[in-house]
Every structure is written in structure tokens, then in C-alpha cells.
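S.K.: These are the residues of each chain, in order.
There are 2 protein chains.
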Amino acid sequence: MEHFELPPDVVIRRLPLYARSLRYLIDEGTLSVSSQELGERINVTAAQIRKDLSYFGEFGKQGIGYDVEKLLAHIERILGLHQEWPVVLVGVGHLGQAIARYEGFHSKGLRIVALFDSDPAKVGQEVAGLTIQQDTDITSVVREHDVRLAIVAVPATRAQDVTDLLVQAGVRGILNYAPIIVQVPEAVWVRYIDPVAVLHSMTYYLARNEVGLFTSTNGNGVH
Amino acid sequence: MEHFELPPDVVIRRLPLYARSLRYLIDEGTLSVSSQELGERINVTAAQIRKDLSYFGEFGKQGIGYDVEKLLAHIERILGLHQEWPVVLVGVGHLGQAIARYEGFHSKGLRIVALFDSDPAKVGQEVAGLTIQQDTDITSVVREHDVRLAIVAVPATRAQDVTDLLVQAGVRGILNYAPIIVQVPEAVWVRYIDPVAVLHSMTYYLARNEVGLFTSTNGNGVH
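From first to last, the protein sequence lines stand for chains A and B.
Residue 278 is where the first sequence starts when you use the working numbering, and the numbers rise one by one after that.
Residue 278 is where the second sequence starts when you use the working numbering, and the numbers rise one by one after that.
Hints in this document: simulated from the structure, not taken from any laboratory.
Treat the hints with caution; some may be incorrect.
Footprint (simulated), chain B over chain A, 3 or more residues, beta carbon under 8 angstroms [unchecked claim]:
hint, region
1, 282-292
2, 311-325
3, 367-378
Here the structure is a predicted model, which is why all the values come from computation and not from measurement.
Every residue gets a Cβ at the ideal spot worked out from N, C-alpha and C, and that includes glycine.
Modelling step: build the complete structure from the supplied sequences, incorporating the hints.
M.R.: So this is what it looks like as C-alpha cells:
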């Protein structure tokens, strides 16, 4: 087995963007791509791409570029996407319904297998081919399907309780849409989707721009 | 006018989380908070909070803690949220509808003022009290309302065209939900909401965890 330096999280976060660009290239019928061309698609430099990939071995040949399909397969294997990860979704309000219906969540390596809501009026309804189940069934379903990933789309006031339930049942990765930071044990990963906080950080720069204090670069690269 | 070192973007991204925690504290009737207590709510250290705030001047008194309302007002002013930013939303599919209905987007400093879609069947329909308008009206509406912020929730194939249109009309900050990186001029900010990429980066760690290679910390702090 080969040994490489452990890649920093920022590199791991870029890999899915490389993979997606490679999928678009395949859809366009492109067989080979240079690090330059791949970089332009996601606003990183060619040098950055080569450095990111170097954590995982040797890819591509000098002057020839990367074989698109091979590089994609390799990145998907690094990300663990050669296997399928069952995902449960807790909270089926407007947002949860949009999530359940979004085809992106049924993409490579992911499959939403169960929906849960605490509202008895919603339980039994069907969304995107799945029947909404009661929150109280989370533990048994997570254990039965050996689920490690969950999406939480409940209100802020319920997010910690739902998180505790999921973690106790065996979930180790949570995508949290609730506008609150939740506490989890060390072996559990939580990442946040927080569009309002993102907008509220952009207004900082816009407000300065308006008064002529716009000094930093726009940081639109993928950092 | 006072002069401070320019705060890095990572600090600006944490400010909205501080503000939100302070709003929750106000809802709970709390008048004063220590950096320790505030830090525990968003998984950062007390030292980090003090350092973050030091970019903007002096807050709180040693041993007394922060006045919750004053600190919130100050952070909101830093973020430009003492004024109201009109926001346009382009793309009113399942996701766009959930966005339009989400009360978070009508929170402090933000107000969605117009919805656009390219589908003639959707134009004229009402969502969350707003009538969906044609994409071709984007330019006039953005100019009329002096709009600087937009949310893009169109498919990947349309995201660049819509972005170009928004930027030409005067938009300077874009929250992009389309799963593609868009190109913009230097004076425009784009931030991405990309839950599938986030899930695809979590599977990396879960896959390693399964085979006992889980070595790094979970990074659940707000970085």
C-alpha cells in the first residue's frame, strides 16, 4: 500500500467539484483534459489541481493531460462514491420536499432511502416515491439500512434532538440545513447549508463597495 | 475614522453566526453573554471570538461580558444589515419555491422583491406573495429597484447566462444554487450552495472511518 501525506480538508472539499466537471466533460464527449482546462472550469489554477491530486498518487502524463473517465473513476473511488451511501432525510417541510425531489441527491454514490417528519398529518404522504415516516421510527430504519449519512431540514428548535437521535442510531455524517450549530461527538461530521449566513456575509462586502471601501479580491475561487 | 487591520474573509463568514446566536439569546431574554458562552453556541473558542471582534474595535468589558443587544446592533452594522437589501430570485422550480417561501430570506437586512423564471407556464403565478415574472424583465427590475443581490436557482445549463444578465444589470453579489462554477468580473461576488458536493466530501471521511483510517478531527467548528 502506498503512503501519502494526509490531504487537508480544503482539498477533499474540492474533489467533488473536480468530479462534477469531469462528468460534464464526459457528457460533452471530451476524452482528455489538461489541468489548465479543468482548472478554468472551477476557478482554480492548473498548479492547484496538480497539487491537490498529488496527495492521491500520480495522474495524467506531462503534455497529454488527464484521461477524463479514468480520473473521474479514481476521484470517485477516493471519495468513496464507488459504493452507494443510503441517506435519510428528517424534516419534510417546503425545504425538505425540495430536497427529496432534487435529483442531485440521487446522484453518484447517494440514495435517499427514507423520509421522516414529526407532523402526524404528513406521515403516510408520499414525496418523490418515498412514504414519510414518523420521527420515532428513525432509530430502527437507520439501523436496518446501516445508514451513515443524514440530511436534517427541521426547524432550529428541533435540530439538536434530531441530531442526537440520528447519532445514537449510528449516523456519522450530517448535512444540517437548520440555522443552528449542533453539538456532536468527535467521531461525527456535521456540515452546514446556511444560505442566509452566506448572504449576510456578502452584504458586508457590498456595503463597503457602495462607499468605496472595496479593497479585497472577490475570492470567487473555490477555497 | 478609526483604522483596523482588514478582517480576513473567514472572520466575515463567522459574523452572521455570532449575530444569529445573539438573536436567539435575545429571544431567550438574555441581556449579557460572555465570549465563552457565545463560543460554545457555535463551536469556536472564547479567544477566537475576542480576536474576530477585535478587527472592528472594542467590545465588552473584562469580567462582565457583552451587552447582547449592543453587540448584535454593532455586528449588524458591520455586516451592512442596518439597511435593507432587495434580493431577486431567478428560477422558481421546486428549489426556488422553497427559497421564496423560506422566512429566513426575509430576515434582518434582506427582502426578496422579485421572482423570475424562463418558463412561460410559470410566469404570472404567485409564490409567497410575489408574482413570477419573465426572465427578460430581469434587467429593468434590477435597475428600477437598485438591486445588488441575487439568488440563482436555475439548472446548471442556464446559470452562466442568468449570471451574465444579472451582472450586466448591476447585481454585485450572487448566491448560486446551480451545480456549476460561473465566471464573473472581479467586482462581483459569487458564493455557492452546493449540498451534493458537501455530501460527496463527507463520504470521503465516512469511507475511511469504515476501514479504520479515520485519523483527522471532525472539523465541526466554524472555520
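S.K.: Give a verdict on every hint.
M.R.: Hints, verified against the model:
no.: 1; hint: 282-292; result: holds (count 5)
no.: 2; hint: 311-325; result: holds (count 3)
no.: 3; hint: 367-378; result: holds (count 6)
Every hint from the earlier list agrees with this structure, and none is contradicted.
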